[in-house]
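Engineer: One-letter residues, chain by chain:
Number of protein chains: 2
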Amino acid sequence: MKFKLTLFSLLSISIATASAQSTDSLMLRKIYDEELVNGQCYQNLHYLCKNIGQRLSGSANAQKAVDWSKKLMESYGFDRVFLQEAMVTHWVRGEKEVGKIIDGEKQIPVAIAALGGSVATPAGGLSASVIEVHSLGELKDLGEAAIKGKIVFFNRPFDPRFIETGSAYGTAGDQRFAGAAAAAKFGAVGVIVRSLTESIDNYPHTGTTRYDADGVKIPAAAISTMAANQLSNMLRLKKLPVIKFYFKQSCQLLPDVLSYNVVGEIKGSENPNKYIIVGGHLDSWDLAEGAHDDGTGVMQSVEVLRILNATGYKPKNTIRAVFFMDEESGGKGGAKYAELAKANNEEHIAAIETDEGGFTPRGFSFVDASPAFLKGINKNWSTLLAPYESDRLVAGGGGSDIEHLKATRPGIVLIGFRPDSQRYFDIHHTPNDVFENVNKRELELGAASMASLIYLIDQHGLNF
Amino acid sequence: MKFKLTLFSLLSISIATASAQSTDSLMLRKIYDEELVNGQCYQNLHYLCKNIGQRLSGSANAQKAVDWSKKLMESYGFDRVFLQEAMVTHWVRGEKEVGKIIDGEKQIPVAIAALGGSVATPAGGLSASVIEVHSLGELKDLGEAAIKGKIVFFNRPFDPRFIETGSAYGTAGDQRFAGAAAAAKFGAVGVIVRSLTESIDNYPHTGTTRYDADGVKIPAAAISTMAANQLSNMLRLKKLPVIKFYFKQSCQLLPDVLSYNVVGEIKGSENPNKYIIVGGHLDSWDLAEGAHDDGTGVMQSVEVLRILNATGYKPKNTIRAVFFMDEESGGKGGAKYAELAKANNEEHIAAIETDEGGFTPRGFSFVDASPAFLKGINKNWSTLLAPYESDRLVAGGGGSDIEHLKATRPGIVLIGFRPDSQRYFDIHHTPNDVFENVNKRELELGAASMASLIYLIDQHGLNF
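Protein sequence lines, in the order shown, are assigned to chains H and V. Taking the numbering used here, the leading residue of the first sequence gets 1, the next gets one more, and so forth. Taking the numbering used here, the leading residue of the second sequence gets 465, the next gets one more, and so forth.
To be clear, the hints were calculated from the coordinates, so they are not data collected in a lab. Warning: the hint list may mix true and false statements.
Partial list, computed: chain H residues near chain V (C-beta under 7 angstroms) [as the list claims (entries may be wrong)]:
(1) 349
(2) 360
(3) 406
(4) 422
(5) 442
No farther apart than 20 angstroms at their CA atoms in a straight line, the calculated lysine to any residue pairs in the SDA-like style are these [stated by the list, open to error]:
(6) V:843 - H:173
(7) V:843 - H:391
(8) V:514 - H:201
(9) V:494 - H:159
If you want the footprint, here are the derived chain H segments under chain V, 3+ residues with CB under 8 angstroms [claimed, not checked]:
(10) 33-43
(11) 47-56
(12) 385-391
None of these values were measured; they are calculated from a predicted model. Glycine included, each C-beta is placed from N, C-alpha and C at the ideal position.
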């Protein structure tokens, strides 16, 4: 592109700043101006990623992140900053994992990473024939005779036809989440799972797996999509027993440890015991810096409060930024937050979760939204949000940290922040989830879009 | 994010595939499925970037790109593939430029790049005192006495408050585009221009500058935003004459050379002489691979035809993919295309230009669109495009290559493809405009969105 004056966009900005005189549109413009000119979330994220780094639940680094986050919130002069104690998951990866495809005498090293929550292999590693499957259902069709003593290789790829990649993740995810538990029932000795991404790369994408409480626990690892394709090709070309897989991992689940959610709030001037919250999770996986997952989410959450303060806005209801602990490993911080909200009779009006990356905002999804609600909210607010291109207000998920709040109050509205989804699973849960892959403006626009929605909810409620 | 089944998106896909039975919605789903499953534009772009590389207008590499593009189109079996001769701009950069801030005895090297079309400095370089300005208007206020014999440093930054970065580019762009011509009138001996980006980086962002035909031509270069900030700080701290700037560049404008637009078409079954075209520019700047500018645009354009063929669609009107030559340096390919369209009495219904990067599509802008047109097109088509999140149909720019078509036919609709704009000016016209900064799915979604729009125009016209 050479040179062009995009008249329409200039028009939009002037409409929002001058012509449309409503208080709401002026306030939204003020929010965006504050963030795009004076935004601090990008530099805060830099500190979190580069000076603290990975923040695996239960780790010393997670504690460092808690301490720093509390100080950060205090530095902004919010009305109240506090920690909520929670006993959280403490899983450790141990030594770097080793994975190999064994083809007779040939041993081909491949990129693997233990799944979060997985048990270790025997100290010398585990070697067995491989059986490739594409669904949990296929295990039943094959039966114990075919599976017993083998390593089950779950290899169903992402379906590229979904427009939002979160849907591809959702439909492929049972392999990682429930594959080990399911395969163990048929006598499998281990599980390797194709990384949950459409990208063909050589990074294992980690993430949790869950065992049945009373079931056999077998070790489980993610394998890169490139290695998965290679293994699958080799299995297709050779008879099954010729190809074996070897892996070694020393991860273990330790007893829960004390950790904290970090909470900052601006007290409501009219309804101090009514809450609108925005949050993400402070813990991360341990393979990188947890930049998009979910450093961007927590730094946007605190930024929402900073923006509202900076614009001089005095909310009617109490606005909170919540940094949840242990989202990745067990979700115990989110559960604790809801438990305390109920115990303290805090009336939560709405909760926004930002945990889909710090990409350009597209809009918000509302949990269990009725057609009437969607019609009402779109009619009233989409025109206000349209100049900022964050006006896709749809039914959909909220997020796993806020979902516990559902039980605290019938009327609560749970909301998911929806950024553009195309790049998220390229880096999700991999060594590539680093600060360098976050764009400053995209991050800031997300923070401003959430500050705008919170302002609108605070002013007008959500009774559509 | 841990694990989530995004019900809404699954719902969208099922609506588009099953429930909504209209021919149009089924065809759009077919287009997206074809592209997301069998897309070829990413691998084609890889070839263009890595096996050919930069394609500066008039260069040997531009000719290589023409030859390969023609072969590529022929390999897809389109009804007709042909070249259009055009005499195009032939500017050459010469030796790598040298730029220095001179502070007494101290010489600080800084990153600069000659602006396209600029003349050279004297062979030994040019050294002069610097005067910093922030607008073309400021030159007049300062007057010849203050400017004569100096290097004018245009340093107005991007305005971060624009939501779409193209608007910031548009409002800052006159410094680069017209700064040298304007400064020359007041006796300046050279011009350096702050790179047109919000990003604070150390890359010069090149691009054209235009001289007045009868004016004095002074050398002009882009300076990185980091170096611009440094120079500005030094000028603020010290008295003006102490700080000088030195630069040396050996670029020159050679006589126009013969080159080509590359055109592929699928013949219309009902109206073979009515045309709907989609195009981008094949030439690029010479600092990198022209990946987003505009390798993505040309590879998407040919992909639109490939998709339509692959789905078995027989268009009523002739559909063309056009690779324009010389967009960056002079725009002569675009002018030639329009000239031939008029001379050959080709009735162009609509033209889409894709030259804002291969990022996630947001929608389309329509040149000189009336409120009635926008209302009509949104009412009829935005619901069809919404499942693909490419439904922002607004008034706005088309693009500099297709704008020449305006004169060929009163009713023609000029359309700009509008991808997400946040990351474009981070890499625009820099050494960072490489294949690695293109996301496969984002690129493919753009191609599918344009194939969808072309299908709808072909079926229903644009008489809103």
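Engineer: Taking 20 angstroms as the top limit, are the C-alpha atoms of residue 514 (chain V) and residue 201 (chain H) close enough?
Structural biologist: holds (19 angstroms)
Engineer: Hint check: is the beta carbon of residue 349 (chain H) less than 7 angstroms from a beta carbon of chain V?
Structural biologist: Check failed: Cβ of residue 349 (chain H) comes no nearer than 22 angstroms to chain V, outside 7 angstroms.
Engineer: At least three residues with a C-beta closer than 8 angstroms to a C-beta of chain V: is that true for the region 385-391 of chain H?
Structural biologist: Per the Cβ count (3), the hint holds.
Engineer: Hold the hint about residue 406 (chain H) up to the distance rule: shortest CB distance to chain V must be less than 7 angstroms.
Structural biologist: violated (15 angstroms)
Engineer: Within a Cα-Cα threshold of 20 angstroms, do residue 843 (chain V) and residue 391 (chain H) meet the stated pairing?
Structural biologist: With Cα atoms ~17 angstroms apart, residue 843 (chain V) and residue 391 (chain H) stay inside 20 angstroms; holds.
Engineer: Regarding the hint that residue 422 (chain H) lies at the interface with chain V, is the smallest CB-CB distance below 7 angstroms?
Structural biologist: With a closest approach of 5 angstroms, the residue 422 (chain H) hint holds.
Engineer: Are three or more residues of the region 33-43 of chain H within 8 angstroms, CB to CB, of chain V?
Structural biologist: The restraint on the region 33-43 of chain H holds, since 3 of its residues have a Cβ under 8 angstroms from chain V and three suffice.
Engineer: Mind taking a look at whether chain V covers the region 47-56 of chain H? Criterion is 3 or more residues with CB to CB distance under 8 angstroms.
Structural biologist: violated (count 0)
Engineer: Please verify that hint: residue 360 (chain H), Cβ, nearest Cβ of chain V, below 7 angstroms or not.
Structural biologist: holds (5 angstroms)
Engineer: Below or equal to 20 angstroms on CA atoms is what counts here, so check residue 843 (chain V) against residue 173 (chain H).
Structural biologist: This hinted pair is violated, its Cα atoms lying about 37 angstroms apart.
Engineer: Do the alpha carbons of residue 494 (chain V) and residue 159 (chain H) lie within 20 angstroms of each other, as the hint requires?
Structural biologist: Cα-Cα ~15 angstroms, so holds.
Engineer: With chain V as the partner, please determine if residue 442 (chain H) meets the hint condition of a C-beta pair closer than 7 angstroms.
Structural biologist: holds (5 angstroms)
In this structure, the hints that do not hold are numbers 1, 3, 6 and 11, in rising order.
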